[in-house]
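Asker: Each chain, written out:
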Amino acid sequence: MQTSFVLMSVDQGIHDTTSVIDAAACGLSSGEGWSVRMQRLSGGLSDGVDVVWLNNGCTRIALLPTRGMGVWKAESAGLPLEWKSPVERPVNPAFVDPMRRGGIGWLDGFNELICRCGLGWNGAPGTDKITDESGKVVSEQFLPLHGRIANLPAHEVTVEIADDGAISVVGVVDESSMFGGRLRLISRLTTYPGSTSFEIMDEVRNPGSSPAEVEMLYHCNFGRPLLEGNSVLHIAASEIVPRNARAAEGIATWNRYTDPEPGYAEQVYFARPIADESGRGLAVLSNADADRGVAVRFDVDTLPWFSVWKNTQAEADGYCTGLEPGSSFPNLKTFERRHGRVISLPSDAEVTFRLAFTAAIDSEDVRQLVAEVAELQSGRPMVVTSKPRPDWCDC
Amino acid sequence: MQTSFVLMSVDQGIHDTTSVIDAAACGLSSGEGWSVRMQRLSGGLSDGVDVVWLNNGCTRIALLPTRGMGVWKAESAGLPLEWKSPVERPVNPAFVDPMRRGGIGWLDGFNELICRCGLGWNGAPGTDKITDESGKVVSEQFLPLHGRIANLPAHEVTVEIADDGAISVVGVVDESSMFGGRLRLISRLTTYPGSTSFEIMDEVRNPGSSPAEVEMLYHCNFGRPLLEGNSVLHIAASEIVPRNARAAEGIATWNRYTDPEPGYAEQVYFARPIADESGRGLAVLSNADADRGVAVRFDVDTLPWFSVWKNTQAEADGYCTGLEPGSSFPNLKTFERRHGRVISLPSDAEVTFRLAFTAAIDSEDVRQLVAEVAELQSGRPMVVTSKPRPDWCDC
Amino acid sequence: MQTSFVLMSVDQGIHDTTSVIDAAACGLSSGEGWSVRMQRLSGGLSDGVDVVWLNNGCTRIALLPTRGMGVWKAESAGLPLEWKSPVERPVNPAFVDPMRRGGIGWLDGFNELICRCGLGWNGAPGTDKITDESGKVVSEQFLPLHGRIANLPAHEVTVEIADDGAISVVGVVDESSMFGGRLRLISRLTTYPGSTSFEIMDEVRNPGSSPAEVEMLYHCNFGRPLLEGNSVLHIAASEIVPRNARAAEGIATWNRYTDPEPGYAEQVYFARPIADESGRGLAVLSNADADRGVAVRFDVDTLPWFSVWKNTQAEADGYCTGLEPGSSFPNLKTFERRHGRVISLPSDAEVTFRLAFTAAIDSEDVRQLVAEVAELQSGRPMVVTSKPRPDWCDC
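Chains as they are written, first to last, in the numbering used here: chain A, 141 to 535; chain B, 141 to 535; chain C, 141 to 535.
Rather than coming from a laboratory, the hints here were simulated on the basis of the structure.
From the three backbone atoms N, C-alpha and C, an ideal C-beta is built for every residue, glycine too.
Where hints are given, some of them may not hold.
To be verified - Here chain A is said to cover these stretches of chain B; the calculated rule only asks that three of the stretch's residues, wherever they fall, bring their Cβ under 8 Å from a Cβ of chain A:
#1 143 to 153
#2 234 to 242
#3 286 to 297
#4 316 to 324
#5 340 to 351
Please take these sequences and the hints and turn them into a complete structure.
Answerer: Structure below.
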């Protein structure tokens, strides 16, 4: 059995906010309580935002087709995976002007658990200059913060139920412009009934006629209850580098968190993750008592760089940490290009990014995940540098 | 009895454009013909704009949740309170780019009777520079005209009917961004069945962790029939100052209006209003025959500055006058800060602004209001200055 | 009989996506299969876009009220009139930021068969400077690419069925701002049951109090099947000029097309069209076999300048040609003003633009149209210049 349901298709004129896709809808007798449905929000800055609620019977995931298939928030076995941004509700991209505040308008809509930064670029705003071999600038373009994809709505959303019970939500988002290249994201989020895990498989295609540059970064953000004083980040990595002088101040405690500190200025650490035999990296955030946590797994092949965003400022201002596997570091694209961290995707080619979340809901879960990180690290040194690396850090 | 009806709540998934809230809906036998309902506009630049129609049986008020709880227009006992902007219909903020035309894109959506300018700033567009004690610029940000609030949609709208018959529409609007502060407007417009008055009570809260700057100005705009040749503005004020050389030209007639004059360049006068015993200032606009008018009352404590915007240009271009109580003058925030007219709102604190309108529908109404202004002024000099004051006027 | 149906009216609260207007709805017994209806798209960047589907029984036309009454695409007797932009679906202007990419954000929504560039300006982005007689700059404003009208939604759409069977869709679009002038487009697209033709009659009015500048250009775009290697453009013109050095390279083949060429840089030719006795110019695009084509007719009086946009780049990037009758050439407005090609429309006046399409669906159709062009040209020289003309080309 492979059953497919179209929740949204601009081309087919479908926008279905009434159907509930569940075992019964699939003609199955027993469903373990899973269901998928789409809701449209009305009012506020959320007006016109579609939310796909995927409940696998244990884990509830809220996807945002309107915001590039981002994941607003999730909850697994009662454990909330979320953070509290000053921007309290999903924001329709129609209300976001990326050029605001000198190019950081992206922050006006930033509140998701998983928010993609890409596809054409991510990172700090600035003027990207492309030079020819002689060093002459042949093109320049101002790139606002973190790219377009989080503010582009999917034009197609499908739910697929596989023979093995896998529940997938597939969304298609185009990032294109006349004379501006074209990239297509085909995002598939998959989970199983009763599971505390879900996986995202993103294909980014280049339907254009010439090679296209791609930068992808998964801004995975956690607040309470996982983040608190004495929460710890466990990651298997060969190198840890502070992004700038401010981060260098805290290098001794780069992977430990504090309670909210009003006025805390963010600290960012860059890492080179270690892959397991299947090519996956692993980062685990555990709470103070090590009885709740989350594992973030990702393909190191296509996401070889990892940013740790420590933002333990006041609760009211967005107490949060970001675990961010990326194809690049979130520096200005010019810098990343110079250091070989921008993907050049040939015409008609595609690159696949994989990211998976697992909720750890008791001490044993956390213990196992931490042990897994340790095993991955085992025998491989983790070099923690006290100063920014000039080829990693554009500071 | 206190009866509450939710017309809109993003959080609760409510957006109700079918209910009519009236005496019957409240279980009352007699209703004096009042009702409240919400309509969603479709098409044009108004697409997706919600209008709350509040009819107290005598006065009809059109509120715009989609535009920061502004008041589009009103009509009291047959007297229209409105003006005719070249922008003919309410504009969804999704279609407004404040950065357009060098930062005056706000004008693309400007046509309300009451339009808030704020919350973080108002006034002329420009680059706001914040300096430290040594005069060094520590931050700068381009601020487009008149702030964000008029282009931010409410995410919650409630109708409350009180025991004493008061009908209130309460809207909540967030002006926030990650790393950009957060301010919340809780706006309550109240009227009574059969009344020719309505009052706005706005609470602006700072849910952020550190003090936030607030500037609020109520752009209250009137065209025909109240504005015509020989209309007069009566205001109790201790000082009147022309904003610039252009306004100085007309200082002798600063409070009298002419018929539309094609090519007329706006003239703005700044005033320091006088408060009555309850702390309220009063401005009255009367028509030529002094048989129709409107009173604008406001708390002088939080709205100590008043701008008179004379814009008696051609009818087709927006023949209009603005009576504008403010926490500041509409200069660039840098200038207002320097002169102590920017509110610093502590974390978790709130500031309340009050504004009330009363329609004067016959000669006796107008006579009483004009007498009230005279009494308020009585014994207190009104200094009318012929030149801009350097600490008021950024010219 | 003149029957009128309102599909959309913001003022009347009408937005009708259920009615089908056809012969039966008009009380006619025989309808030749024509119908008109409006659809609202949901999802993707098309969310909230209204499409009016006009089918005259032979020709199907998709109009876009949400995009300034542009024509998305058409099909006549099985012949598609369209092109394939990298932007695959109609884009709601709420998602278009004209200031993006240095002022070419307009291209984010560009994919129509007929897209208006105007009303206040069109052409390349840049800072328009207005100087007084002494040459002093008295005003300057940055004008992004191709003006506002394609990204302004109609607030009123009516269908009219005339006694003679003519089917018209009339849309009203306002391009106005407080202190920014006001222009109104009343666009009427008319066709007859069974016809392979349709005509657009656009009235642009100036309801403002002073003269307004107007620039209008019809960006009529064709891809396959009409455009292919060896397609030919036939136009009656007295002069053909390459826009710049790049266009000059191809002057020998200015009216012949190639197969898609990856990396092809656009070539633009400017022409002065010849009018027939009724004042109409004619351009005909025919395919390689001269058995399919399209005729574009236009009033030379108000559209005296014609641009040929050759954009035979890779199929995936938007293989396309634009036939563009205009009141100006698409240069920066400053340049066009200097050379007398900007309309000054007096207060309360209007200017009417007429544009008609006819599909040629067999060899005989094409032969007749080509003969018509030849006859129009007959006896009048066509001067083909090898270099840009300094008064036409801002290069």
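Asker: Now tell me, hint by hint, if it's right for this structure.
Answerer: Right, here's what the structure says about each hint:
1. By the rule of at least three residues with a Cβ nearer than 8 Å to a Cβ of chain A, the coverage given for the stretch 143 to 153 of chain B holds, with 5 such residues.
2. Note: the stretch 234 to 242 of chain B has 4 residues with beta-carbon separation from chain A under 8 Å; the three-residue rule is met and the coverage holds.
3. With 6 residues bearing a CB less than 8 Å from a CB of chain A, the stretch 286 to 297 of chain B meets the requirement of three and the coverage assertion stands.
4. Counting residues of the stretch 316 to 324 of chain B whose C-beta sits closer than 8 Å to any C-beta of chain A gives 7, which meets the bar of three, so the coverage hint holds.
5. Counting residues of the stretch 340 to 351 of chain B whose beta carbon lies closer than 8 Å to any beta carbon of chain A gives 4, which meets the minimum of three for the stated coverage.
The structure meets every hint from the earlier list without exception.
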